[in-house]
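Peer 1: Those sequence lines, one after another, are chains Z and E. This note's numbering applies: residue 1 is where the first sequence begins, and numbers increase by one. This note's numbering applies: residue 201 is where the second sequence begins, and numbers increase by one.
To be clear, the hints were calculated from the coordinates, so they are not data collected in a lab. Bear in mind the structure is a predicted one, so any value in this text is a computation, not a measurement. Be aware that one or more of the hints could be misleading.
[What the hints assert, rightly or not] A few chain Z residues that don't get close to chain E, going by computed Cβ distances all over 12 Å:
(1) P7
(2) E13
(3) P19
(4) F31
(5) A33
(6) A50
(7) E97
(8) G139
(9) T165
(10) R168
(11) V169
(12) E181
[What the hints assert, rightly or not] Have a look at the derived ranges for each label pair, beta carbon to beta carbon:
(13) Z:P115 / E:G396: 53 to 59 Å
(14) Z:A16 / E:E328: 38 to 44 Å
(15) E:A238 / Z:G180: 38 to 44 Å
(16) E:Q399 / Z:R17: 34 to 40 Å
(17) E:G356 / Z:A16: 47 to 53 Å
(18) E:S314 / Z:R17: 29 to 35 Å
Note that the Cβ used here is the ideal one computed from N, Cα and C, for glycine as well.
Number of protein chains: 2
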Amino acid sequence: MGLLPTPVERLAEALARFPGIGSKTAQRLAFHAVRMPAAQGLELSQAVAAVAQEVGPCPRCFFLSLRDQLCAICRQPGREQGVICVVEDPGDVLAIERSGEYRGLYHVLGGALSPLEGVGPAEIHAEELRRRVGEEEVGEVILATDSDLEGEATAGYLHQLLQGTGVRVTRLAHGLPVGGELSYADERTVARAFSGRQQL
Amino acid sequence: MGLLPTPVERLAEALARFPGIGSKTAQRLAFHAVRMPAAQGLELSQAVAAVAQEVGPCPRCFFLSLRDQLCAICRQPGREQGVICVVEDPGDVLAIERSGEYRGLYHVLGGALSPLEGVGPAEIHAEELRRRVGEEEVGEVILATDSDLEGEATAGYLHQLLQGTGVRVTRLAHGLPVGGELSYADERTVARAFSGRQQL
C-alpha cells in the first residue's frame with residue numbers, strides 16, 4: 001500500500017525469503033532494524049556482505065569455509081583421517097562436535113534426497129563422497145543423516161553407492177534420548193529402541 | 201569453538217540480537233545466507249544499510265519515514281487532521297489502515313509504559329502527544345494501545361495527561377472478535393464483552 005518507506009519494504013521482502021520467516025515476522029524484524037543504532041545496522045549489513053562474498057563450501061567436505069580454503073575441521077591437526085561422518089547440514093557438524101565423541105572428518109550433504117523437491121544425488125554431493133572414499137584412505141563411513149523419511153532414504157542410497165568400495169558403512173544408533181522419559185517418547189522411537197536393544 | 205568461518209559467526213551474533221531470534225535460529229539463518237546467490241546476499245546487505253541510514257521516525261507522529269521527512273500518512277492528502285489515533289507500534293498502524301475504518305492521523309509511541317524495563321513517559325513520546333494536542337487543532341484522541349497490562353496502564357496515563365486540554369479522549373472497543381466463537385474466547389474477553397454490552 002506504500003505506507004512504509006521503500007527501504008523498509010525492501011528489507012522485509014528480503015528477510016521473508018529466509019526459510020521459516022513469514023511476512024509478519026519479516027516486517028517485525030525490519031521495524032526492529034529501523035530502531036537499531038546506525039553503527040549496529042552497518043555492522044549487520046557488512047556481516048551479510050562478508051558472508052555472501054567470503055564464505056563458501058569447503059572444497060573437500062562441503063562444511064562452511066572461507067572461499068576456496070579447506071574448512072577449520074579439515075585443517076585441524078590430529079583429526080582421524082580414515083573416518084568420514086556424513087551429515088545433512090553444517091548445524092549437524094556443530095552438534096556432533098559439541099558431543100566431543102568424534103574425531104574424524106565430515107561430509108556435509110547440504111540436504112537429503114527428496115525427489116518431490118528436486119533434490120537428487122547430484123545436489124547432495126554423493127559422487128564426491130564416493131570419490132573421497134576411493135582417493136583418501138577411508139576405513140569407515142558413518143551415515144548420520146536425520147532419521148526422517150528423507151534422511152533414511154538418503155542413508156539407504158549412500159549405503160548402496162558405497163557397496164563394492166570395501167569401506168565399512170555404519171549408521172548412528174537410534175533409540176531413547178538420554179535423560180528423556182519413556183512415556184514422552186514417540187512410538188517410532190520406542191519401536192527403534194526395542195528393535196535395537198542390546199544385551200547387557 | 202572457532203569451527204565456523206568468522207563472517208558466519210559474526211552474522212549469527214548480529215542476528216541473535218533481534219527480538220524473538222534465539223541463537224539457534226540466528227545460526228540457521230546465517231547458514232542460509234551462505235547458500236544464497238551472491239547477488240541476493242548483496243541485495244540484503246544493501247537493504248539493511250539503507251534502512252539504517254535512510255529511515256527514521258516521522259518528526260510529527262513517529263511512524264516510519266525517510267529521515268527528517270513527514271511519513272506517508274502525514275503527507276497523505278484528505279486525512280482528517282483533527283483526530284489522532286495513539287498506537288504502540290508501526291505494525292499497529294498497518295493493521296488499522298488495513299481495516300479501512302480510519303482516516304485520521306496517528307501517534308506511534310514505540311512501546312508501552314513498563315517501569316520494570318525502564319520505559320517511562322519520555323520513551324513513549326507522551327509529551328510530544330500533549331504538545332500536538334495543544335498546537336494542532338485536535339478534537340479527539342483515540343487510545344489504541346494493546347489491552348494487556350502495559351497497554352492499559354499507558355492508556356490510563358495518557359488519559360490523565362490529556363485532561364484539561366479539552367480534547368475528547370476515547371478508547372477502542374474491546375469485546376468478542378468478529379467471526380470468533382464465544383466458547384473459544386478467553387474469560388477476560390468475555391468479561392469485557394459483557395461490561396461493554398450495548399443496547400440494540
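Peer 1: Now tell me if each hint is right for this structure.
Peer 2: Hints versus structure:
no.	hint	verdict
1	P7	4 Å, violated
2	E13	8 Å, violated
3	P19	6 Å, violated
4	F31	5 Å, violated
5	A33	5 Å, violated
6	A50	4 Å, violated
7	E97	6 Å, violated
8	G139	24 Å, holds
9	T165	28 Å, holds
10	R168	26 Å, holds
11	V169	25 Å, holds
12	E181	23 Å, holds
13	Z:P115 / E:G396: 53 to 59 Å	56 Å, holds
14	Z:A16 / E:E328: 38 to 44 Å	32 Å, violated
15	E:A238 / Z:G180: 38 to 44 Å	43 Å, holds
16	E:Q399 / Z:R17: 34 to 40 Å	51 Å, violated
17	E:G356 / Z:A16: 47 to 53 Å	37 Å, violated
18	E:S314 / Z:R17: 29 to 35 Å	33 Å, holds
Going down the numbered hints, you'll see the structure goes against 1, 2, 3, 4, 5, 6, 7, 14, 16 and 17, while the others check out.
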